[in-house]
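> Sequence:
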Amino acid sequence: MTFKPKYIVFGIITFIIIFLMNYLGNDAPDKLYRALLTAFGAVVGLGIGMWFYTRNKDDNHPDFD
8 MTFKPKYIVF
18 GIITFIIIFL
28 MNYLGNDAPD
38 KLYRALLTAF
48 GAVVGLGIGM
58 WFYTRNKDDN
68 HPDFD
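Heads up, the sequence shown is in this note's numbering, so the first residue is 8 and it goes up one at a time.
In short, the hints are calculated from the structure, not lab data. Source: prediction; values computed, not measured. Careful, some of the hints might be misleading.
Using C-beta positions, here's what the derived DEER-type ranges look like [stated by the list, open to error]: (1) I55 to P12: 35 to 43 Å; (2) L31 to R62: 32 to 40 Å; (3) R62 to G32: 30 to 38 Å.
Quick reminder that beta carbons are idealized off the backbone N, C-alpha and C, glycines included.
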């Protein structure tokens with residue numbers, strides 16, 4: 008899979024939004040760790056989802072056998 012610039016931009020925007028939502032809305036003493044872990048997990052999930060979305064886009068004859 009090639010990393011196109013728009014996917015990298017989506018990943019960065021997703022990381023920033025999720026990080027800020029978790030960091031600003033959390034009162035726990037380890038809020039930085041939790042916010043980083045959650046944002047990183049969101050970007051990994053987005054990457055996996057985009058990989059599934061684009062991997063068979065050009066395949067006109069899927070294998071069902």
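> Determine for every hint whether it applies to the structure shown.
A quick look at each hint next to the structure:
1. I55 to P12: 35 to 43 Å: Violated: the Cβ-Cβ distance is about 19 Å, outside 35 to 43 Å.
2. L31 to R62: 32 to 40 Å: Since L31 and R62 have Cβ atoms about 35 Å apart, the given range 32 to 40 Å holds.
3. R62 to G32: 30 to 38 Å: Holds - the Cβ-Cβ distance for R62 and G32, about 35 Å, lies within 30 to 38 Å.
The structure fails to meet hint 1 from the earlier list, while all remaining hints are met.
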